[in-house]
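Go by the hints and put chain P onto chain G.
In order, the protein sequences belong to chains G and P. For what it's worth, the working numbering labels the leading residue of the first sequence as 1, then goes sequentially. For what it's worth, the working numbering labels the leading residue of the second sequence as 1001, then goes sequentially.
Simulated from the structure, these hints should not be mistaken for lab results. No residue lacks a Cβ here, since even glycine has one placed at the ideal position from N, Cα and C. Some hints here could point you the wrong way.
Claimed, not checked - A few chain G residues that face chain P, going by a derived Cβ cut-off under 10 Å, partial list only:
no., residue
1, Ala35
2, Ser62
3, Gly104
4, Gln105
As the list claims (entries may be wrong) - Covered stretches of chain G, going by a simulated chain P footprint (3 or more residues, C-beta under 8 Å):
no., region
5, 47–55
6, 63–77
Single-letter residue listing:
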Amino acid sequence: MTMNTKTIRLSAIALAIAALTACSGPQVRYGDAKAVETVNADYGSTDLQMIAEAMTRSLLQSKAISGSKDAPIVTLADVKNKTSEYIDTRVITDKIRTQLMKSGQVRFAVSISEMQNQTDELKRQNQSGLYKNSTIAKTGNMQGAQYRIEGSIASIVKNTKDVKDVYYVFNLNLINNESGLLEWADEKEIRKTATR
Amino acid sequence: MRKYLSVLIAAFTVCTALTLVACSSTPSMKDMTVRMGDTDSIQITDMRSLERNGVLTAQVTIQNDSKSNLVSYRFKWIGKNGMAVTDEEPWKPVTVGKGQSTVIMGIAPTPDATDFRFELNQYK
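Just chain G, with the same shape it has in the complex:
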């Protein structure tokens, strides 16, 4: 009888411990989004931040932007990913665009990828017949961009048994849409080495 009680007590304690362990789960904490990330040698958040910052600052100082009276209108073209990795290049250009917008030195026209939403909205307002005439956004008033931003990211990766060396080069150009002239260009190089 006493043996049975003991067994029941022990199994109850074991169950409680098991339940507590199961409930505790993984430890979660917030980190610094601006900190240097060195988890592995693949393209990471620090690379994205460094590329966007270097390009934005250099572009802001260019004669094409700083020399113009009014903030010039610019549009985003594509950045080609020539690396072997999957890199969302749109995130890089969006980050550059946000930082340029915050500087107040540049205005942006909708890019090709955002054009569908823009035309859809104009059609909705003009063709549905649902809106008051005086409040409708008229067609034919969109502003064309003076410049477009385009570029590429390429990489060279070398591996041995113990070492992985990655070199990224990000290239960005500002092209005058009317003249076709390259008004500004800059590049950012990054080298990362992972050793075992």
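Frame of chain G, contents of chain P only:
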């Protein structure tokens, strides 16, 4: 004689005041550097700034005196009334081998920046 003496004293006072004003308007490299973590092996040997095309540009030369160190840096751009012009920059890693020096360039994010601070941090 007394008149000359008072003129001399006045001139000396004005000179001292001018020197003090000049000193207070140009903070030292140490004052302009913010260190976090273990960055003692990194020395700042030169610091200068210039307005280029309407945007403040800073140049800092750092030197590593001891063992190879993993340090990161960022600039803090300051505008009117000592307010930061944008939110904090990301930390950027910089590799400086033992006995080597490197020049770091920084460009302000907006033309509103009139001053800067150089922040050093270790990473990992």
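Structure-based check of each hint:
Interface hint status for Ala35/G: upheld, as the beta-carbon distance to the closest one in chain P is roughly 6 Å, under 10 Å. Annotation: interface hint on Ser62/G holds; nearest CB of chain P at approximately 7 Å, less than 10 Å. For Gly104/G, the interface hint holds, since its Cβ comes within 10 Å of a Cβ in chain P; the closest pair sits about 7 Å apart. Annotation: interface hint on Gln105/G holds; nearest CB of chain P at approximately 7 Å, less than 10 Å.
Figure legend: the region 47–55 of chain G, annotated as covered by chain P; annotation consistent (3 residues with Cβ-Cβ distances under 8 Å, at least 3 required). Under a criterion of three residues with beta carbons nearer than 8 Å to beta carbons of chain P, the stated coverage of the region 63–77 of chain G is upheld, 3 such residues being counted.
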